[in-house]
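Asker: Chain residues, written in single-letter form:
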Amino acid sequence: MDNPNPVIAVIDIGSNSIRLQISKVLDRTYKVIDEYKETVRIGDNVYRTGEFSPAAADTITSVLSNMKTMMDSARVEKYRAVATASFREASNAGEVAGIVKDKTGLDIEIISGVEEARLMYLAASSYFQLSEGNTLLVDMGGGSTEFSCAAYGELKFSESTPLGCSKLTYEFFKNDPVKAEEVKKLKSHIKKSTGGFLPLYGVDRLVCSGGTLNNLSFIYNKRNNLSDSAVKFVDSIFTKHFINEITGKSVAERLKIPGLEPARADIILSAAILVQTLMKRYRLEGFYTLSGGLRGGLTIDLINKMGMELLFQGGSHVDVRYSRLIETGKKYCFEEGHALQVTKLAEKIFEDLRSALNLSPGDWAILEAAGLLHDVGQYIAYSRHHKHSYYLIMNTELAGYSEREIELIANVARYHRRAMPKNDHANFMRLSPQDRELTAKLAAILRIADGLDRSHGSFVKDVRAEVKAGAIEFSVTSNADITMEQSGFEKKKDLLGALTGKEIILI
Amino acid sequence: MSKANFINREISWLSFNERVLTEALDDRNPLMEKLKFVAIFSSNMDEFFMVRVAGLKDQVLAGYGKADASGLSPREQLREINKIAHGQTVLQQDIFKKLKSSLRRHRIIFDPKPSGAAADIAENIFVDEIMSVITPVTLDPAHPFPFIFNKRISIIVQLERDGRQWRSLIMLPENIRRFFKARIGGDTVILMTEDIIKANLARLYKGFSVKGSWVFRVTRNADLDVQEEEAADLLRIIQDSIYRRNKGAVTRVETEPDMPENLLAFLKKMIAFNDNDIFTVDGTIDLTFLFGLTDLKPSLQFPPFKKFELLGVPPDKTIFDRIREKDLFFYRPYYSFSLVSRLIAIAAGDPNVLAVKMTLYRTNRDSSILASLVRAAKSGKQVSVVVELKARFDEERNIGWARNLEEAGCIVTYGIVGLKIHAKCLLIVRREGDSITRYTHVATGNYNEITADVYTDADLITADERVGRDAAQLFNYLMGYTEEKVWRRLFVAPFNLREQLVRLFDEEIAFAKGGRPSRVVMKMNSLIDEPLIRKMYEASASGVKIDLIVRGICGLKAGVKGLSENISVRSIVGRFLEHPRIFYFSGGGSERFFISSADMMPRNLNWRVELMTEITDGDIKESLRLYLKISLADNTKAWILKGDKYLKAKPAPGEEPLSSQEWFLKNRLV
Amino acid sequence: MRSGLFGIINIGASAFRMVIAEFRKNEVKELEYLIKPLRLGVDTFSQGYISLEHVKQATEILSNFRRKLDEYRIDDYRALCTSGVREARNKDFFIDYVRIHSGVELEVLEPSEEVYIKYVSARSDVPRFDEMEKQGVVFANIASGNVTLSITKGDRVLYSGTLPYGSLRLRQMFVHVPFLKRYKAFDQYVDNMVKTVTATIDPGEKVSCLIGGGSSINLMLRLFNPRGDSISKRELTEFYKKVRVYSRPELIDELKLREDEAAVLVPTLSTYIHLLEFTKSDRFYFSRSDFPVTLAEFYSGRLKDPGFSRRVKTTLMGIAEKYRSNIPHVKKVVRFSLALFTSLKDIHSLTKSDYRILEAAAILHEVGYFIDTKDVAQNSYFIIKSLAIPGWKRKTTQLVALTVYQMGRLPGDKDVSQMDELTVKERLLINKLSCILKTANALDAGKNELITDFTVDIRENMIIIDARTSREPFVELAAFENQKRMFVETFGIPIDIRARVTYE
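Chains as they are written, first to last, in the numbering used here: chain G, 2 to 508; chain Y, 1054 to 1723; chain U, 8 to 511.
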């Protein structure tokens, strides 16, 4: 019988680095169990001479041979090693791949820019709800940049352009510091090169990847004291200011910028200009970056090729965010039935109390996520698991949610049991006053929903909440014994009572 | 099983008291001792009327009509009691008359109507000792009929003045002597106080002519708190009904035979009693005074006896080594109880002793034990004394010493509400090297150095760790430190004592049914517990041979065909009050012996803290076997129960007379 | 092992117990055993704090216990509180009040320690425990406040924890439910507990034996009067079906139970039945160990746990697996850490117990990857800190967690605040251990086991690691380079590496 949880690996041989990602395939999801990266600028020589130097070939071989050992020790059953721009451009690429094959037994697959774009799309689809609106995916490498456009969940086109940031820097920025004139030239070059295939308007979301743009979002996050995550959001005002800030600076001066990777100090400007041009064109408030996009896409592709479809791939009707929540829950072995039941009940209560609590429909996304994940902390330990849930939600990649949303989800989950929100709770005080209020309201609903599935038996079929003058009356439909649920309700109605000052009654 | 399979407890008790009385007819008893038996009978009877009869009357009054195990309702029981008690009153006066003539031979003379020299002396006594302390109440509208106190000798006097009839009452004060001794010639003349008064009434009633005077005595339903515990379980039976103790109600009126009808009718009306309560005493009312006569002729008492001492028991703290080697066991009064007092004294002075704990139920005021405890506490040992609450029947005595103990630093606790502590236990905790040894004393009798001379009892002192642990737990329980009630070696009422007895009987029944030898011998004071008696009947029917030595109340019918043919019951009434509870079970070959503080009565097994301890030492078992064997062989002081009647045992033809108590006085048991 | 007299007081949720025991050579003699019912849990589990009335009653009981200690002149005692006090909001007040008014110094027993002691005691008490453990065993100690569960298989602890499902707590929770239905509430709730626990165990792990223990065992023995050493599920279920609808007075009358026993019987039965369903076994065995006696044996050093280190090690390995660590790499790092520790003995002058911390840290050093590949140090710290390893004190857990944190810390990462609570000595310990661990980790940085072995050459001014490797270890050398500075800062002596490729 096939191993139901095979270990798979993908290797991404880029211009600047070679990366290995090892994952374990789980039930319709996967879990990265190891990552390894060597920063080797093998592409530099290629762009200069058109071929890999012997030293570069050696480096590639030795790094891949190390990676092969790691793959063996992790008992990797399937892998895919792909090489992108530098291999595409190097005239001796096939030769080098042959050496690697001889030395390590690894087959390197040189993929086209279009394939790269497809993989990127796969990766993005695991993080973003691509079924909504139009998304432009930009994967900016050193040598090339791939543009893909997805409209309502379908990949419309992919285009590979030689707009790599190293390449652009090389071609346009001869001076240090860069002259304004040079910047202007670059901007018009970008407009010209992309005008032919990119839509003039209608892009709702810009998702970028590539090390340099990731570095840009890292700097942004660092400045705003946001935590690092695979998906980051960068607003356009920052990008504009950043471009102004570094345009006048020499590369040496730029090195002082916190978070800026020294190796990217020169090329970051062209990358920023590219993305800024796109945001301006589509009047976007910002862009997302996706790190590890190619590897993510490769992994998904590999799993698909093994005959498995992942949760979020259930078609365009599947809510990706939702799927990722379920995946996260599964990762922490949550009790799916209970999580779904609580979320279901929470939704009903949310709808019934929305106007009374002055909640907006968009707040449901927070409560939904908190409902699904409220118990994940039990994976760490049962006792204090609400606090563990908080930590795990805060620190686990939750794709598709902003920093603020994640913090709200974590707080709501944290208050699903035990203490009510208090001003001496550090996690609570990190929130803005408005968000504290929102947390309390959503947690109040979650508590009741959780109480109504005290037995974890999904015995409550339906719940209604009715706001009366002095009380909020709940009524439930059930054809089972709901003794436990009744007592759960009594125990957990406290927060709603405290918030509304009304009596909370189960009739 | 029909109700007639049981003997009513009151009737059984009356018959026990009669056995005590008839000791006064046994010529093996010296004359002075015979007087004592008569006195005991009287004092027992007083209590019986104050408590038992009072209780039954209360039940009748409360409308409680439930029959007891013997099938008698309270009313029927009262009727029976009345009949028997009347007979016994006559019997007692007959015996008293006989004793008076014996006394006369020893020149001790009772003179109810003193004349001559005696009259002179009587008059002197009246003037000097009596007149000033008595207060006659001559009844008129200003002087209504006074309350006649319980057990007071009273005299009603018929007077006449100016052709008018007057009645006067004299109630003897509590502290007045009951009799005076006059030496006349070589005779000792006993003058009863009431007789002296009667002879000198004219001095009291000047201006009246005394037409006649009659002595009477009223016994009343007495305050339970100052009473023996006899009534406690009675109370419990009916506590749920609307019952209220009818304190002070009259239960008996003793009168002289020639009291005129009209006076009697007058008293009946004024004191509120009925014909059934009247006991006509042809002789002297209230013979308890005879206790005070017994030392008149020491030569006519039981000769003093020398107590045995246990052999090889050191007088110092090496006594502990001795106990660790082998359990100590002895019998009171044949062996000196001072061993226990000495053990406590040694413990008090031994720096290795960490703690001393004991139950004190009834102790004598000048007890050397109390002194030792105080000394121990003052030397820094933890001394804990559990005092039985209800034993406060005479307050000054008990509370006084309890307070002394507290002042000395002892921890004094008063037991558990609702559970009277009857167990007798002493625990000494001693550090020996880096380990703890506990010495436990358990006994069938109280820590009372005086009653130890009169009551027969058995005492065990052991270093058995399991006994020590249980004893420690018992104290922890009694002091409220624990609720743990799992016992390893001790059997403790009301927790597991009854269960253990039942288990022992069941085992014997199984042996008998399996054709193996089976036998039970039990010695106790009272047997009235219905479930246990049924169990004994069951055992008898299964072929278990049961010999019971029950001194007092016995609800079981012995040797009745189809009921108890395998059960023999005997009662020993002698010089000492039989008191130990010793139980023997054949154990199908591995014989088991127990000593206990508990009688086989519901109150003991259900409402009291009692102990039963198994004897494990082979030599002590042998000694107990001998003790029981001799007790069963008694053919002079024993009474054999046949059905529900007691017959005095007699030596069979050719058999040597054997009195067990005498035998124990002369032969070492250990 | 100490000898002499030792006193243990255990303040449970429904009773106070005390044991005075005498220890001599290899002998234990239980001199006294006291028990005084007082249901502190009724307060704690329903209103969250101990009522003043109960504080006073507790003080009275403890004053009496104090007298028992005085009687034997015992200074050597421990008075340990479990959930009834542990979970009360006013526990500090309670402890202080008791100390002032009775002179008894109370301590709160950590839940993990409680589970561990109970487990070790059951091990030594239940015959064939080892045998059962091979097939996987659930040991459930049902007390009034909590159920402590230890699920072990072979040398591994699969689960260990105290769960708030004690019989008194359950009863208290559903006291308002009509008694005819109350058992349903118990059933559902206990089922919930079993689900919670099973969720944390790999579904592939089968456990098939159940051992029960705790204060309710005596009651079970009395009711079932088992001939052998087990009670069958059939008996249990039949009995449960009969009595679950009894009211409390009915239980007392018909089964001759004490008031307190009647209160907890039905929840206790329900718990056993659910656990039996979980283990799919047809009977449960029992341990008669009594908790206070066990405590006395434990704290006097008599209760031995010879398999402790081995069990901790396998358990930690299990946790490493649960968090999907790279096991061959972990094993290598453990081996290298310990080899370094031993070789550098003269330089670090640490002890055997420090060695255990290092070993644990090495096993757990990459658990944080599971949560996310970023902030691994912090994630690892978080996971380790939340572990309840039977037999570990909170301090041990903290030291291990901080060692791992410090090891994975990147320059610029902030100290976790817990570091501040440590003494200077402890901080030094963590620096040393994490430095050793980091060095060991560097030697297998590529996780490909290139370096097979090494020797440590300690020279006057320099330590040289002489590594044997099958191929040139680029990754390892780079990693080693990064941590050289830390080494010299920690130990005051520079370190370097020489890698020799071995040929065949």
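If you are wondering where the hints come from, they were derived from the structure by calculation, not from laboratory data.
Possibly wrong hints are sitting among the right ones.
What the hints assert, rightly or not - Here are some chain U residues pointing at chain Y (derived, C-beta under 8 Å):
id: 1; residue: R31
id: 2; residue: I42
id: 3; residue: E78
Each residue gets a CB set at the ideal place from its N, CA and C atoms; glycine is no exception.
Asker: Confirm or reject each hint.
Answerer: Going down the list of hints, with the structure as the test:
no. : hint : in the structure
1   : R31  : 6 Å, holds
2   : I42  : 5 Å, holds
3   : E78  : 4 Å, holds
Going down the numbered hints, you'll see the structure goes against none, and every one checks out.
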